[in-house]
Structures are given as structure tokens and as C-alpha cells.
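Q: Chains H and P supply the protein sequences, listed in that same order.
For the first sequence, the residue numbers in full-length UniProt numbering are 1 to 230.
For the second sequence, the residue numbers in full-length UniProt numbering are 1 to 182.
Don't read these hints as lab results, they were simulated from the structure.
Computed from a predicted structure; not experimentally measured.
Incorrect hints may have been included.
To be verified - Quick list of in silico lysine-lysine cross-link-like pairs, BS3-like style, CA-CA up to 27 Å:
# : chain 1 : residue 1 : chain 2 : residue 2
1 : P       : Lys76     : H       : Lys8
2 : P       : Lys71     : H       : Lys123
3 : H       : Lys2      : P       : Lys45
4 : P       : Lys172    : H       : Lys8
To be verified - Selected chain H positions facing chain P (Cβ under 7 Å, derived; list incomplete):
# : residue
5 : His18
6 : Lys41
7 : Arg42
8 : Ala44
9 : Arg45
Claimed, not checked - Have a look at the derived ranges for each label pair, beta carbon to beta carbon:
#  : chain 1 : residue 1 : chain 2 : residue 2 : range
10 : H       : Leu64     : P       : Gly154    : 56 to 62 Å
11 : H       : Arg31     : P       : Ser145    : 39 to 45 Å
12 : H       : Gly43     : P       : Arg166    : 29 to 35 Å
13 : P       : Gly154    : H       : Phe63     : 55 to 61 Å
14 : P       : Glu18     : H       : Ala51     : 46 to 52 Å
For each residue, glycine too, the CB sits at the ideal point set by N, CA and C.
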Amino acid sequence: MKELEALKRALQEGLDGHRAGPELRRRTLERARAEVRAKEKRGARFLLLVAVPALAAFAILLFLSMSEVRQARPDDIASESTSSSSIRPSMSPPPPSSDSPPSPPRLAVSKVVIPPYMPAGYKVSEVVTETRDSRAEDAVVIRYSALDDGELEWRRSAKPNRERVEGFEPVRVGDRPAWIRTAGNGDVVLIWEDDKYKYSIVGRITEGDAKLMAQSIYIGLQDGREEEKR
Amino acid sequence: MLSPSEPSPERGIGDSGERGLSAWMDRYGDAVLRTALFRLKDRQKAEDVYQEVFLRVYRSEVSLQDIANPKAWILKVTLNACRDAERRPWWRQAPLLGRHSRETTESVERTAVLAETNRELWRAVSALAEPFRMCVLLYYYHELSTREIGDVLGVSEGTVRSRLHRARQLLKATLEGGGDDA
């Protein structure tokens, strides 16, 4: 016990003379403050170099995507309905005004039919309108994609003039003349026209699928016109 | 167990943090410095450890009230910082000119004004192997329990008891003139 007390005293006498003086405390506090300042600087640099450009890029992307959405007007485009009755009278172009010069018909895409027949494996990936010059809507395009990277496009566009169809094989879509060919890259192209529009189907499908698709569109359009008459 | 075992390094510092740091230094500044000094036997290195320990406390914003046993906790942080300091390569340990206070350039043994009998005891303790020395310091100087020492050193209570017993034997043998391999 006596030795243990002596041990305690020896430790106390050996160590108690050492104190953390005010200078050491001050230096420690200064280092802590310096760390805070450095951390704030790092934060400001991060904001300047990373956060602000990232936010700006995000805002630009958001703006661009909103513009695309406005252009496509998805709320105006009919949902992916397979009913042929989804053709609405508004498919018809607006009546031309009597004093304006004759111009190619403008497409009203307030309602667009999604072709009821869809080749196996394909699904609709996007519906867009394409605009050139000052015309409101020159074409309506429905794009399809398949899991095996196949791509397919159905396009309805204004018909400014008749196209040459050399190299195509004549077929019929309903009572309309149509032309079909398989391109060198394997894409099938089927085009036909009615009084107002030109239609085309282009994609990696069989000619039979292209004809069935065209037929389903034709029937849908006919139904729509009959409804319009009634 | 001590809780938390180590402060997390990436937390905010504010005015309250600075006040908290002052409270920590008021209460445990001397204990931290002395422990580092005892372990490292170098005043400059001990001061570096002192700063490092309180910077860790500052970053973690741990207040005295947050910790169940603040003394044991800060001693554990101190010993960890000592270990880190010892691992640091020598060129990073070299002090910069004027970086350390003038009051603090002498070694423990030179500044300790000890009575002759205590001087012998002090030397005997200083000559003990590291695990025994730290147990002796924490038990006889900081007056921690064997359980707390176990938490600080990361060993079992039984190991602490055994080390203390062995340390006493070694000290006795040394003081009686029959010192062995301690």
C-alpha cells in the first residue's frame, strides 16, 4: 500500500508540472478556426465549380425537355388505343380560307390514331409532330421500337406533290394504290396516299406486316370519315 | 463501452462548438497533454497530439454532456492520436520553427522536479514496457477503474488486471535492484 502511494506521488510529481498553457490553447483554437475557414472556402469552391454549373445544365435540360413536350403536345395526341373509332373528325384539315393562296394542307393532330395492328415485339416509343417552315404541323410520326433493337416508323404527312415511286411494287391499301419495296438494308417501305395526306411505313418488318399495318390504318381512317359524315 | 468510441471527423463547427472546445480544454487539457507526454516522451509531439485531440473533438461537436465518461473517452482519443503520431514518418514529425511554445521544449524527465525516491520510481515506471506503462498511468495517475482502462486500451478487464500485477512486480524488482526485462 505504501509503495502504491509512492507510485502515485511519483507520477503526480513527474507529470503535474506540465500544463497546457494559454499559448497552446490559443494555437488550438486558431487551428480550429482556420479549419472552419478552409471548409467554408472548399464549400464555396464546390458551389462555384460544381453545383452552379450542374444546376445550370439541369435547368437547360429541363427547358429543352419542356420545349419538346410542348412541341409534341402529348395531351392532344390520343393514347395508345387500338380502337379504330379513335379517329376523330378533327383529322380533317381545316377549311382553307377563301382569300389565302392555296397551300399544302396543314395537319391537325388533335387526335391521331395509333395503328391498331402492331407487328409482334414492337411497342410505341414516341409520337411526335414535325414542323417545317411556318406550317403548324407538317407530319405526325409514330415511332415504334422492339426489344431486338428493331425500329419502325409510321408517318402521316401533308402531301405537297406526288412522289415518284420507281423501284416499288404496286399494291393496294383498301381501295387506294400503294407501293412497297424492301430496301437494301432490309427495311420495308410502304407508301400510299389519299386525297389529303401521304402515309408511309418504314421499318425492319416483313412486307406482310407492313400491309396489315397499313390496312388497319386505312380501316381506321374510313371509320373516322363515316363518323364525320354522320 | 465508451460511447462514441471516436468522434466523426466531418461535422460542422460554429460558435457553440468553439465554446464547447474551450470547456473540453479547461477540463481535460492538462490530462491530455500529460498523457501524450508520458506516452511519447517528447513535449513538442505531445503538443501536436494535444491539438489533434481537441481538433477532433471540435470537428465532432461532441459536448461534455454527450459522453457518459468524458475523461475515459478523451484519453482513448489521446492514445489513438499518439499512435497516429508514432506512425507518421519522421519528416512529417519535424516541428516547424517557432511552432511550439517556448515554455515547452524540455523533456519530461528534465522538467520533473522529483524527490530522490520518487525519481527512482519515476525512472522505473518510464522504463516499463508500453502496455504496462499505460496501465500504470491510467490506473494510478488518472484513477480509472480496470473496466474503464480496458475500454480505453481496447483490452479485457482481466488483461488490465494482469498487466497491473505484472507492472507492480517489475517495479518492485527494479527498485530492489533486481530489475529484469521491463
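Q: Please name the hints from earlier in the document that this structure breaks, with their numbers sorted from lowest to highest.
A: 2, 3, 6, 7, 8, 9, 11, 12 and 14
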